[in-house]
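Asker: What follows is each chain in one-letter form.
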Amino acid sequence: SQTIHQWPATLVQPVGSPLSLECTVEGTSNPNLYWYRQAAGRGLQLLFYSVGIGQISSEVPQNLSASRPQDRQFILSSKKLLLSDSGFYLCAWSERAVMTGELFFGEGSRLTVL
Amino acid sequence: RKEVEQDPGPFNVPEGATVAFNCTYSNSASQSFFWYRQDCRKEPKLLMSVYSSGNEDGRFTAQLNRASQYISLLIRDSKLSDSATYLCAVKPGGSYIPTFGRGTSLIVHP
Numbered sequence: 001s002q003t004i005h006q007w008p009a010t011l012v013q014p015v016g017s018p019l020s021l022e023c024t025v026e027g028t029s030n031p032n033l034y035w036y037r038q039a040a041g042r043g044l045q046l047l048f049y050s051v052g053i054g055q056i057s058s059e060v061p062q063n064l065s066a067s068r069p070q071d072r073q074f075i076l077s078s079k080k081l082l083l084s085d086s087g088f089y090l091c092a093w094s095e096r097a098v099m100t101g102e103l104f105f106g107e108g109s110r111l112t113v114l
Numbered sequence: 001r002k003e004v005e006q007d008p009g010p011f012n013v014p015e016g017a018t019v020a021f022n023c024t025y026s027n028s029a030s031q032s033f034f035w036y037r038q039d040c041r042k043e044p045k046l047l048m049s050v051y052s053s054g055n056e057d058g059r060f061t062a063q064l065n066r067a068s069q070y071i072s073l074l075i076r077d078s079k080l081s082d083s084a085t086y087l088c089a090v091k092p093g094g095s096y097i098p099t100f101g102r103g104t105s106l107i108v109h110p
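Line by line, the protein sequences give chains W and R.
Quick note on numbering: the first sequence equals residues 1 to 114 in our numbering.
Quick note on numbering: the second sequence equals residues 1 to 110 in our numbering.
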C-alpha cells in the first residue's frame, strides 16, 4: 500500500532563518506531488505542485521554493522565513494515471516563526 | 464569488442526529468532487468521492447537483467521533489541481 511521510512534524524557527521540509511517498511510482499551507482558521492554499522530477509549478509568489530531486521526494524550502510563513504545511500525492484526483496527505508540519 | 464555498459552522448536533452540509462551486467545468475529514491539528483524510449518481458509505451519503452546482454530505446517526471539520474539494476535468473549501465544523455532543 502507498504511504506518505513528511518531517519534521513541528518546528519553531526565528524570522530570517532557513527552512527545509521533506516529504516522501512509498508504494507508488510517478505520483503528482503537492505542497499546501493551512493558516490558522483558513483553508488549504496550494503552494506548489509537481508532475515529475524537476518539474515544479508555483501557485503563489512568495519566499518559498520547492524541489523534486527524486520521483517520490518533494522538498519545501525557504532561505529566509517571514512571520507570515507560520502555518500547517501539508504534502500530498495523487496518482498520475488516475485523473479523478483524490489527494492523500502526509501528517503535516506545523511551523511557527517567531 | 469564491470557487468553492462552505458554511464554516459550527454545526452543533446531539448524538444520533442527522446532519447535512452543502458545498457550492463556481466552475461549471468541475468534474471530480470529494469530501475530506480533518480532525483538529491533523491532516485531511479522504472520506469519499462524490459520483454523479450519488453514493453511500455506511452512515455517510454524498450527492452531486450539477444544475445548481453543489455537493452535499449527509451523516446519519451522528457519533461523538464524527466531530471534525469536513472539507469539500472540486476539480476541473483535465486538471491535477483540486480546489478546497474552507471546511465545515461539526460538533457532536452527548
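If you're looking for bench data, these hints aren't it; they were derived computationally from the structure.
All values reported here derive from a predicted model rather than from experimental measurement.
One thing to keep in mind: the hints can contain errors.
Said to hold, decoys possible - Calculated lysine to any residue pairs in the SDA-like style (CA-CA distance at most 20 Å, straight line):
1) Lys-45(R) / Leu-83(W)
2) Lys-42(R) / Trp-7(W)
3) Lys-45(R) / Ser-84(W)
4) Lys-45(R) / Arg-110(W)
Asker: Please work out if Lys-45(R) and Ser-84(W) have their alpha carbons no farther apart than 20 Å.
Answerer: 26 Å, violated
Asker: Hey, Lys-42(R) versus Trp-7(W), does the alpha-carbon distance stay inside 20 Å?
Answerer: 14 Å, holds
Asker: Straight-line Cα separation of Lys-45(R) and Leu-83(W) no greater than 20 Å?
Answerer: 28 Å, violated
Asker: Lys-45(R) and Arg-110(W): Cα distance at most 20 Å?
Answerer: 17 Å, holds
Hint compliance for this structure: hints 1, 3 are not met, and every other hint is.
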